[in-house]
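Protein chains: 2
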Amino acid sequence: LELSEDDCIDRLASTGHGVLATVHRDRGVDAVPVVFAFSRGRILVPIDTIKPKRTTDLQRTKNLRADPRCALLAEHYSEDWEHLWWVRVHARGSVCPEEALDAARRVLAERHPRYSVEGSIAAVLVLDPESFSGWAASQ
Amino acid sequence: LELSEDDCIDRLASTGHGVLATVHRDRGVDAVPVVFAFSRGRILVPIDTIKPKRTTDLQRTKNLRADPRCALLAEHYSEDWEHLWWVRVHARGSVCPEEALDAARRVLAERHPRYSVEGSIAAVLVLDPESFSGWAASQ
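First to last, the protein sequences are chains A and B.
FYI, in our numbering the residues of the first sequence are 1 to 139.
FYI, in our numbering the residues of the second sequence are 1 to 139.
Honestly, I wouldn't trust all of these hints.
[Claimed, not checked] Okay, the calculated beta carbon distance ranges per label pair:
| hint | chain 1 | residue 1 | chain 2 | residue 2 | range |
| --- | --- | --- | --- | --- | --- |
| 1 | B | 67 | A | 128 | 38 to 44 Å |
| 2 | B | 102 | A | 122 | 47 to 53 Å |
| 3 | A | 113 | B | 95 | 44 to 50 Å |
[Unchecked claim] Beyond 10 Å from chain A on every Cβ pair, some chain B residues (computed):
| hint | residue |
| --- | --- |
| 4 | 7 |
| 5 | 47 |
| 6 | 62 |
| 7 | 67 |
| 8 | 90 |
| 9 | 129 |
No lab work stands behind these hints, which were simulated from the structure alone.
Glycine included, C-beta positions come from ideal geometry on N, C-alpha and C.
Required output: the full structure, derived from the provided sequences and hints.
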């Protein structure tokens with residue numbers, strides 16, 4: 001059954017992780033796993049220094065600077081398909097400005113305690129939702 | 001640590017589900033959860049009649065017809081970040097031709113027993129991998 005926007009937001013908030021798809025000029029699309037938190041109708045995605053990566057100047061950030069259109073998909077998968085659900089947000093993404101970064105870090109640390117560590121978040125992407133859709137196999 | 005191509009393929013095959021990102025002219029990107037199976041170096045994604053949807057003439061198919069570039073991301077998420085891993089495939093997607101459909105259905109039914117039911121797969125998308133990448137927090 002289709003989910004209401006409120007239900008989509010509740011499930012996104014409770015999950016806190018998903019897949020972020022962005023536009024890449026040559027490859028067409030990129031997709032990366034992300035964690036996130038909700039704050040005042042926006043989705044905050046940390047570029048952290050915890051999960052190892054080559055650099056914090058990531059392709060996802062370059063992609064959003066070149067084309068802000070993106071989609072975030074969160075899902076619950078189970079071999080028992082009666083319990084499937086997914087939520088998708090189409091959004092416009094940008095890099096959190098310096099003056100809002102401390103507040104964003106606090107929101108993320110509240111949702112994901114690992115981010116309480118000083119210096120664990122190098123930057124934050126801000127996704128402004130344009131539409132929500134979602135589906136669940138059962139209530 | 002970065003995963004070898006063989007390790008990426010092993011993990012994809014064992015998971016059998018992920019998120020498919022495709023190019024959409026207006027929205028930039030679309031992302032949908034999918035199940036899949038591996039066969040002879042290709043990834044088979046069923047358009048099934050089991051998980052409810054409005055139609056089997058899906059946006060993902062239209063997107064791939066307009067632009068075959070796509071990415072499939074499979075991941076294992078855990079609140080314990082020591083067990084995270086993900087694998088991404090950039091690929092070109094197309095619709096499985098009629099004459100290859102029965103063979104594709106058999107491969108999918110072997111991987112996902114629910115598809116043993118006659119008529120459960122309306123169509124199959126075929127993804128031809130162009131590159132694999134993957135990462136795991138630990139061995």
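### Violated hints - listed by number, lowest first
Checked against the structure, the hints that fail are numbers 1, 7, 8, while the rest are satisfied.
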